[in-house]
Amino acid sequence: MAYKPSEQDLMAYLYDEMEGEEKNAIEKYLLENATARIELDKLKSLRGMMGQVKDKEVIAPPIFVGEHQQPFYRAPYFKTIISIAASLLVVMLVGKFSGLQIGYHDQELKISFGETKAQPVQSATVQNMLSEQEVQKMINNSLAQNNQVMQSSWTETQKKLDASVVWNLTVSSSKIDKLVKESSQASQNQIREFVSGMQTENMRLVKNYFQLNSSEQKQYIEGLLVDFSKYLQQQRNDDLQVVQTQLKSLENNTDLFKQETEQILTSIITTVGTSKSVGARN
Amino acid sequence: MTETLLDIAMMHSDTLIARAKAGDQNAQGKVVQLWYKRIYNFSFKFFQDHDMAMEVSQKTFISMCKNLPSLQENTRFKSWLYKITVNYCREEVRKRKGSRSLSFDVVWNREAEDSPQWESSTQRFDSPERQYQHRELADVLQEALIELNDEQREVVIMKEYEGLKFREIAEVLNISENTVKSRMYYGLDALKKILERKNINKETIGYGL
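Chains as they are written, first to last, in the working numbering: chain A, 5 to 286; chain B, 17 to 225.
Quick caveat, the hints were computed from the structure, so don't treat them as lab data.
The beta carbon of each residue, even a glycine, is placed where N, CA and C say it ideally should be.
Wrong hints could be hidden among the right ones.
Claimed, not checked - Listed next, with one range per pair, are the computed distances between beta-carbon atoms:
1) A:ASN37 / B:ARG112: 38 to 46 Å
2) B:ASN190 / A:ALA38: 14 to 22 Å
3) A:ARG78 / B:ASN190: 26 to 34 Å
4) A:LYS100 / B:ARG112: 48 to 56 Å
5) A:LEU92 / B:ARG92: 39 to 47 Å
6) B:ALA38 / A:LYS48: 40 to 48 Å
7) A:ALA38 / B:LEU87: 47 to 55 Å
Same shape as in the complex, but just chain A:
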């Protein structure tokens, strides 16, 4: 594979920081490769241009560096530690003076200020006063009472419900009977009326239909006849006109023919007359 210098090699060669084999190789490559040579020449001329920027003259100002070492309490890390410690101290003091108490007991976190007061425990005393049997008895009593009250209220409501149902039934059945009777009577009369009405209506409709139909047909046929007679008249007129024009043209033609024959005859006569007179003269 042909040797091709990298960007790094080019830079090293440009600044003359290359020696031995590598330098020889790149020089050989440059001899063979004109574009690379031009590229390098451009970089050299760029360097030449850059060389035109001269250093600025400057006078070093006196630099004073303090001899003494910084005391340890001015060191930044010391300051940080001290500030953290001071803030912790402040927090602790505030906690102390405000009587802050923080405790975790029986899955319960308590944060409190001041002294804790013992809470009166009444439930314990009640528990101590009543035995288990007594409690059971009380529960049973209350349950029995409750059951009784419930039972009585149920029976009462049951009675009320029964009474209301019976009353409702009687009222509604009488109403329904009445309604049924009325409806049956009414329906017979209505059917009769309806059927007779239907018949008359039908008759009327059929009559009307036929009347309308016959009058329409009449009108239509009359119209048809009139149109047909008009058409015939028109046709006749047209035919007559055609015959007339044809007759006229025939007449014209015969006139023309007549004139032409007359002309021919006169021309013949004149020619015959002249030839005769010429012959006679001779």
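Mind docking chain B on chain A? Use the hints.
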């Protein structure tokens, strides 16, 4: 780059550094005198701002005097000093990005107030036209330099104007030598493009005539 007496003195300042390291204030003062111009010019080319360059230089030398005893090898003094400078330069860039204030030099053209350039110019015997051309080209090049990104600018200035070797730059920036060379290559390439855009080349400036 032609070597001046100052450069030679800088190259042979091992004993001076050893004395400065030992706490000799006189030696420290001499080291500052020796290196101030270099550090100032590096910072000036980096920022294009006299005040910033002065500030960075001052900070660098104060830090140098304080931390010189912690320098392990005297031979690495040069890269160590540039490392401090580069760090302060970066710090200033960060500060500048944080506060979007307008540099005073933008409003007040300090250059115009200074004494004319030809007074200190090495080409004082050149024709005025030639002097003007040089000055203009220098300005354009400085502008082109400032257009490079920070990483490329650091490398280009250290290599081209401060004459550090690629190995030394790698040490200063704590990166590999190949990375330094790559940055240099792309820095030069970018400079070339910037100058082409500004229509500056050998012919237009009459360089080398």
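A:LEU92 paired with B:ARG92, Cβ distance criterion 39 to 47 Å: Since A:LEU92 and B:ARG92 have Cβ atoms about 45 Å apart, the given range 39 to 47 Å holds.
Whether the CB-CB distance between A:ARG78 and B:ASN190 falls inside 26 to 34 Å: holds, 30 Å
38 to 46 Å as the expected CB spacing between B:ARG112 and A:ASN37, which holds or is violated: With Cβ atoms ~44 Å apart, the hint holds.
Supplied distance hint 48 to 56 Å, evaluated on CB atoms of A:LYS100 and B:ARG112: holds, 50 Å
Distance restraint hint 40 to 48 Å, applied to the beta-carbon atoms of B:ALA38 and A:LYS48: Roughly 45 Å apart at Cβ, these two residues keep to the hinted range, so it holds.
Supplied distance hint 47 to 55 Å, evaluated on CB atoms of A:ALA38 and B:LEU87: Since A:ALA38 and B:LEU87 have Cβ atoms about 49 Å apart, the given range 47 to 55 Å holds.
Cβ distance range 14 to 22 Å for B:ASN190 and A:ALA38, holds or violated: For A:ALA38 against B:ASN190, whose Cβ atoms are near 39 Å apart, the range 14 to 22 Å is violated.
Consistency note: the structure conflicts with earlier hint 2 alone.
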